[in-house]
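Line order of the protein sequences matches chains A and B. So that you can map any letter, position 82 of the first sequence is 82 in the working numbering, and since no number is skipped, the others follow by simple counting. So that you can map any letter, position 5 of the second sequence is 1005 in the working numbering, and since no number is skipped, the others follow by simple counting.
Hints may contain errors.
[Claimed, not checked] As a list, the in silico DSS-like pairs of lysine-lysine whose alpha-carbon atoms are at most 25 Å apart:
id : chain 1 : residue 1 : chain 2 : residue 2
1  : B       : Lys1019   : B       : Lys1071
2  : B       : Lys1022   : B       : Lys1009
3  : B       : Lys1071   : B       : Lys1052
4  : A       : Lys3      : A       : Lys52
5  : B       : Lys1052   : B       : Lys1009
6  : B       : Lys1044   : A       : Lys3
7  : B       : Lys1009   : B       : Lys1044
8  : B       : Lys1041   : A       : Lys3
9  : A       : Lys69     : A       : Lys3
10 : B       : Lys1040   : B       : Lys1071
11 : A       : Lys3      : B       : Lys1040
12 : A       : Lys3      : B       : Lys1036
13 : B       : Lys1071   : B       : Lys1041
14 : B       : Lys1041   : B       : Lys1052
15 : A       : Lys69     : B       : Lys1044
Derived by calculation from the structure, the hints in this document are not laboratory data.
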Amino acid sequence: DAKTTQPTSMDCAEGRAANLPCNHSTISGNEYVYWYRQIHSQGPQYIIHGLKNNETNEMASLIITEDRKSSTLILPHATLRDTAVYYCIVSPWTNTGNQFYFGTGTSLTVIP
Amino acid sequence: DTAVSQTPKYLVTQMGNDKSIKCEQNLGHDTMYWYKQDSKKFLKIMFSYNNKELIINETVPNRFSPKSPDKAHLNLHINSLELGDSAVYFCASSRARASYEQYFGPGTRLTVT
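Next up, chain B with everything else stripped away, as it sits in the complex (with noise of 0.2 Å):
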């Protein structure tokens, strides 16, 4: 069974065109996350969600905006893609907002054209 799954997995689009990346997980867990991790493989955290609440909301563009339809699930939407947005994006979870542990998905890589 897997535990956090990402839709799709590999994902290449124009530039100006809007898109969005869907996670589940399956662990019961209270709090998602959404991470980009560029070029240069540094993995920056985007935003947190608990319990369907907004707790985490880094400097990211407000052309990308979580939604999260209940606490299994946190989806991604970005809108007017630029070709800086190409990274690949990991979805995770944990069983809390404290938790030390967080369960990532595959990732799903972006490419912008």
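Pulled out of the complex, with its shape left as it was, chain A reads as follows (with noise of 0.2 Å):
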């Protein structure tokens, strides 16, 4: 089951930076969070992953507060191509395999 808490919807103007609010707060100590989006009638893709320290790549940024109980996923120059449902994950690291519980996401709409 999904452990993870996200807005329903937002909006964001082409070319700002969109800021996607997680709550996470009965994440565990051996428990990652991870940022996935779908776009319309698409599968879901990989954004960005991180334990505790504040994660970036060519995507997005990654921001977890010291507490890890919440994050945020930031897009920093938001695009029309952006406009997704994006999901919040958190899961522990195992080498049984990785469980991922998608809940309901964010679904983000950019505006030109």
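Both chains come to you apart, so use the hints to assemble them.
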């Protein structure tokens, strides 16, 4: 079952930063935070993940609070192609296989 | 080149029929998965195979039987289809069982009438 809480929907102006929050107050010490997104009628796409340090890659930045109970995904310059449902997932790192439970996510609409 | 492909893309069938969905990945990955996305858009893992060995088997009716003939293929066979089986089924793969990045296929929309 999903262990995260996200707003149902958000809007962002094209070219501006999109900040997507996620609450995971019951996160355990061995659980990572993953972000995926699903563009309409496509399969989900990996964005970024982290444990406790902030992370950045070519797609986005991930800011995790010090107590690890919440995080924010930042898309620095949103484009129309970033319109999608964004999923925040909490899952332990195991050798037996990563079981990702996707919640309802945040539907991000980038407005021209 | 398509990384993870599924066939068919759409499948419409009647209750009680048996159907299969095929999945292939050309990424050289060791681990493959089946997910189900229902009408409320919840995406749940069903099965995971690593090098043809079943490693994750969630609470799924035994009418659903995955088969992995080799590590590049993971097929899903469904017996005695029910209305509640209507959903979008996604296949995915990852480099290894503990990989953080899973690559998803385009999905198969199954409609049971």
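Okay, the hints, checked on the actual structure:
1. Restraint check: the Cα-Cα separation between B/Lys1019 and B/Lys1071 comes to about 21 Å, which is no more than 25 Å; the hinted pair holds.
2. With a C-alpha separation of about 10 Å, the suggested pairing of B/Lys1022 with B/Lys1009 holds against the 25 Å cut-off.
3. Straight-line distance between C-alpha atoms of B/Lys1071 and B/Lys1052 comes to about 5 Å, which keeps the hinted pair within the 25 Å bound.
4. About 17 Å separates the Cα atoms of A/Lys3 and A/Lys52, which keeps this hinted pair within 25 Å; it holds.
5. For the given pair, B/Lys1052 sits about 24 Å from B/Lys1009 by alpha-carbon distance, which is consistent with the 25 Å threshold.
6. With a CA separation close to 13 Å, the supplied pair B/Lys1044 and A/Lys3 stays within the 25 Å bound.
7. Of the pairs offered as hints, the one joining B/Lys1009 and B/Lys1044 holds, with about 19 Å between alpha carbons and a cut-off of 25 Å not exceeded.
8. Between the alpha carbons of B/Lys1041 and A/Lys3 the distance comes to roughly 16 Å, so the proposed pair stays at or under 25 Å and holds.
9. Of the supplied pair hints, the one linking A/Lys69 and A/Lys3 holds, its CA atoms being roughly 11 Å apart against a limit of 25 Å.
10. Of the supplied pair hints, the one linking B/Lys1040 and B/Lys1071 is violated, its CA atoms being roughly 31 Å apart against a limit of 25 Å.
11. At roughly 17 Å between alpha-carbon atoms, A/Lys3 and B/Lys1040 fall within 25 Å of each other, so this suggested pair holds.
12. A distance of roughly 18 Å separates the Cα atoms of A/Lys3 and B/Lys1036; the hinted pair therefore holds under the 25 Å criterion.
13. For the hint linking B/Lys1071 to B/Lys1041, the alpha-carbon distance of about 28 Å lies beyond 25 Å, and the restraint is violated.
14. Between the alpha carbons of B/Lys1041 and B/Lys1052 the distance comes to roughly 29 Å, so the proposed pair goes past 25 Å and is violated.
15. As the CA atoms of A/Lys69 and B/Lys1044 are separated by approximately 23 Å, the hinted pair is consistent with the 25 Å bound.
In summary, the numbered hints that this structure violates are 10, 13 and 14.
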